[in-house]
Amino acid sequence: MSTASQLTSTEPVDRDATAVSINNLNKWYGNFHALKNISLKVTSGERIVICGPSGSGKSTLIRCINQLERHQQGSLTVLEETLDEDRKRLQRIRRNVGMCFQHFNLFPHLSVLKNCTLPQTANLGLSQAEAIEYALTLLDRVQMREHANKYPGQLSGGQQQRIAIARALCMRPQVMLFDEPTSALDPEMIAEVLEVMVDLANDGMTMLCVTHEMGFARRVADRVVFMDRGEIVEEAPPQQFFDTPQSPRTKQFLTQILDHGVTTA
Amino acid sequence: MTVLTKQLHSDRQAPPRHPWKHLATRWIKKQLFPTPFQSCLSLTTLVLLLWFIPFALDWLLFSATFVGDSKADCVGDGACWLPVTQRIELFVYGFYPDTEIWRVNIAFGLAASILPVLYLKQVDRRWVLGYLIVLPFLMWWLLKGGAGLSEVSSTKFAGILVTIFLGVIGMLFALPIGILLALGRRSKKPAIKLLSVLYIELVRSVPVITLLFMASLMIQLFFPEGMTIDIFLRVLIVLIMFTAAYMAETIRGGLQGISSGQFEAAEALGFSYWKTMGLIILPQVLRNTIPPLLTQFIGLFKETTLVVVVGVLDVVGIAMSTTSAPEWLGLEHEVYLFLALFFFIICFTLSHYARHLEKQMEKSRL
Ligand SMILES: Nc1ncnc2c1ncn2[C@@H]1O[C@H](COP(=O)(O)OP(=O)(O)OP(=O)(O)O)[C@@H](O)[C@H]1O
Ligand SMILES: [Mg+2]
Chain A
1 MSTASQLTST EPVDRDATAV SINNLNKWYG NFHALKNISL KVTSGERIVI
51 CGPSGSGKST LIRCINQLER HQQGSLTVLE ETLDEDRKRL QRIRRNVGMC
101 FQHFNLFPHL SVLKNCTLPQ TANLGLSQAE AIEYALTLLD RVQMREHANK
151 YPGQLSGGQQ QRIAIARALC MRPQVMLFDE PTSALDPEMI AEVLEVMVDL
201 ANDGMTMLCV THEMGFARRV ADRVVFMDRG EIVEEAPPQQ FFDTPQSPRT
251 KQFLTQILDH GVTTA
Chain B
1 MTVLTKQLHS DRQAPPRHPW KHLATRWIKK QLFPTPFQSC LSLTTLVLLL
51 WFIPFALDWL LFSATFVGDS KADCVGDGAC WLPVTQRIEL FVYGFYPDTE
101 IWRVNIAFGL AASILPVLYL KQVDRRWVLG YLIVLPFLMW WLLKGGAGLS
151 EVSSTKFAGI LVTIFLGVIG MLFALPIGIL LALGRRSKKP AIKLLSVLYI
201 ELVRSVPVIT LLFMASLMIQ LFFPEGMTID IFLRVLIVLI MFTAAYMAET
251 IRGGLQGISS GQFEAAEALG FSYWKTMGLI ILPQVLRNTI PPLLTQFIGL
301 FKETTLVVVV GVLDVVGIAM STTSAPEWLG LEHEVYLFLA LFFFIICFTL
351 SHYARHLEKQ MEKSRL
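First to last, the sequence lines map onto chains A and B.
When we follow the UniProt record's numbering, the leftmost residue of the first sequence carries the number 1, and every step to the right adds one.
When we follow the UniProt record's numbering, the leftmost residue of the second sequence carries the number 1, and every step to the right adds one.
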């Protein structure tokens with residue numbers, strides 16, 4: 001078991017290292033061209049927010065990074081490792097890249113604590129005691145420690161999403177991917193999840209978030225990436241992105257999203 | 001509203017002297033005589049039952065003969081249970097040597113302990129799983145002997161011993177094979193997928209009795225001269241392979257019920273294929289499919305009776321040999337009723353257990 005080497009992720013990261021590098025990525029679903037020539041570089045510690053209209057390929061892009069979707073053209077380098085057919089390498093990358101889903105996807109047959117310890121014992125080779133200790137620290141951090149023995153079905157959406165974040169963090173990832181983590185939540189629960197994400201960002205985690213929470217983008221993003229019809233249309237720091245959008249498609253999207261009263265606070 | 005309060009009021013004013021009597025009449029009215037048509041049906045059934053039950057009880061128990069040595073002792077009008085009571089050891093243990101019967105008893109005990117073990121929630125799942133894996137080998141060793149125990153030829157196996165043995169060992173092997181087949185059918189590797197589909201569809205479209213005949217007659221053709229496989233083992237393999245094909249379909253249904261999000265979450269956390277299946281997907285699938293799987297076990301248990309056609313004497317075989325023995329000639333009714341009772345008790349317990357599990361699961365699924 002190559003466990004020891006995987007725990008080194010807690011070491012301070014090189015600030016200028018490239019965490020994710022995407023070059024001319026193309027992806028088709030059958031005949032449908034879902035991603036067109038996507039190139040994106042994310043340095044360690046950078047926070048990227050990806051937005052765009054429905055069906056623009058945001059999820060597809062983010063899911064290509066940990067290969068939940070396979071691409072057909074272009075290259076993808078994650079944490080210095082270039083993705084190829086090698087399954088062992090892919091698993092190593094996946095263990096270093098955490099992901100949170102729109103619908104949480106907690107394991108319903110396991111308690112909250114077990115949700116957080118199982119990935120550690122099964123994939124990092126840690127002992128039960130070590131796993132529990134680390135899981136409890138993280139559950140504390142997302143303020144879910146008192147629910148450790150409950151089952152996912154007994155918790156609210158916001159609580160489940162916070163646990164999902166803790167579960168992903170249990171693998172000591174160096175990069176976190178979020179795919180609309182708040183869009184399945186009732187409005188009153190969005191804040192508690194965003195709070196955890198802001199906390200994580202302040203800690204220096206490299207993050208790629210697909211979200212429509214423009215307030216969050218303004219507050220934490222280093223860069224906002226706007227996608228439409230499978231292309232990256234515009235990318236800019238939030239200030240510039242929101243105040244002086246360049247492309248007419250971005251402008252249209254922003255007016256739409258602001259009209260619909262999505263939180264901008 | 002007013003009617004209701006009035007009723008409440010009058011209820012309070014005149015409390016029925018025997019509340020249970022009141023409730024009983026209400027229940028009877030509601031359940032048995034709600035409409036004229038249903039009243040007719042209820043009355044007919046009642047009359048039939050009233051006529052039949054005393055008659056049946058009298059024949060089965062009150063006028064029946066339980067003790068005696070031979071058919072000559074059966075003098076009453078009722079059933080003659082002597083072929084069963086006189087040969088109960090044969091029915092249960094077959095021709096197993098008398099001095100070794102304790103081994104069979106232990107094996108029965110181990111098999112019966114499966115249900116309480118599944119019941120216990122506090123016990124670590126891994127222990128339960130380990131127990132279920134070891135159990136068939138343990139039973140085989142106990143019955144067949146070797147490694148410290150004296151060997152017993154499987155020609156000595158007969159009766160309930162055979163039925164339980166085939167049923168329990170069959171189930172415990174069929175389930176893992178069924179799981180593998182179900183996974184194979186969903187595999188992305190074309191060869192594995194094709195083989196699984198072919199196997200499942202082939203087995204499911206042939207009656208089990210055909211497979212049993214093939215096992216008893218044809219398998220020998222494929223082995224070199226002189227090498228024989230115990231007929232007992234052969235029918236066991238057929239029953240396992242047959243049940244596995246059906247279980248595979250049940251499990252495949254369960255797999256389809258798991259959302260793709262579960263697979264994705266596991267993949268994203270770096271679980272390998274087997275770990276994803278073993279730790280995350282299958283526990284959920286099995287939990288959801290325990291009731292249908294138990295139903296299949298009941299089916300398997302009843303199908304074991306077919307082995308009699310290839311010369312393995314299970315409990316039905318013993319029953320047949322009893323009814324054709326000259327000293328018990330003409331007592332088929334009693335013998336087959338006993339047989340029916342035996343299967344009823346076991347299958348009813350199992351199906352009751354399945355229903356209990358189903359209710360439990362509904363409760364725990366929030
Ligand atoms: N498995 C699939 N098979 C075929 N087409 C797909 C598949 N998944 C996505 N698509 C298509 O690819 C396009 C991009 O999908 P994607 O889910 O990435 O969009 P999105 O930007 O995440 O949208 P949303 O905001 O609705 O989540 C859509 O047009 C969608 O219909
Ligand atoms: Mg999406």
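Honestly, the hints are just simulated from the structure, not real lab data.
Built from N, CA and C at the ideal position, the CB exists for glycine as well.
Take the hints with a grain of salt, since some may be wrong.
What the hints assert, rightly or not - In silico lysine-lysine, DSS-like type, Cα no more than 27 Å apart, as pairs:
hint, chain 1, residue 1, chain 2, residue 2
1, B, Lys144, A, Lys114
2, B, Lys275, A, Lys150
3, A, Lys88, B, Lys359
4, B, Lys193, B, Lys275
5, A, Lys150, A, Lys114
6, B, Lys275, A, Lys88
7, B, Lys359, B, Lys302
8, B, Lys144, B, Lys359
9, B, Lys359, A, Lys114
10, A, Lys150, B, Lys359
11, B, Lys189, A, Lys88
12, A, Lys114, A, Lys88
13, A, Lys251, A, Lys114
14, B, Lys156, B, Lys302
15, B, Lys275, B, Lys189
16, B, Lys193, A, Lys88
17, B, Lys144, B, Lys156
Unchecked claim - Which residues of chain B face chain A? A partial, calculated answer using Cβ under 8 Å:
hint, residue
18, Ala64
19, Gln262
20, Glu264
21, Ala265
22, Ala268
Unchecked claim - Chain B is nowhere near these chain A residues, computed Cβ spacing over 12 Å in every case:
hint, residue
23, Asn26
24, Gln91
25, Asn115
26, Arg218
27, Arg229
These are the hints, each one checked on the structure:
no.	hint	verdict
1	B:Lys144 with A:Lys114	42 Å, violated
2	B:Lys275 with A:Lys150	23 Å, holds
3	A:Lys88 with B:Lys359	42 Å, violated
4	B:Lys193 with B:Lys275	20 Å, holds
5	A:Lys150 with A:Lys114	10 Å, holds
6	B:Lys275 with A:Lys88	14 Å, holds
7	B:Lys359 with B:Lys302	25 Å, holds
8	B:Lys144 with B:Lys359	39 Å, violated
9	B:Lys359 with A:Lys114	25 Å, holds
10	A:Lys150 with B:Lys359	21 Å, holds
11	B:Lys189 with A:Lys88	18 Å, holds
12	A:Lys114 with A:Lys88	25 Å, holds
13	A:Lys251 with A:Lys114	45 Å, violated
14	B:Lys156 with B:Lys302	22 Å, holds
15	B:Lys275 with B:Lys189	18 Å, holds
16	B:Lys193 with A:Lys88	24 Å, holds
17	B:Lys144 with B:Lys156	10 Å, holds
18	Ala64	52 Å, violated
19	Gln262	6 Å, holds
20	Glu264	5 Å, holds
21	Ala265	4 Å, holds
22	Ala268	4 Å, holds
23	Asn26	22 Å, holds
24	Gln91	5 Å, violated
25	Asn115	9 Å, violated
26	Arg218	28 Å, holds
27	Arg229	24 Å, holds
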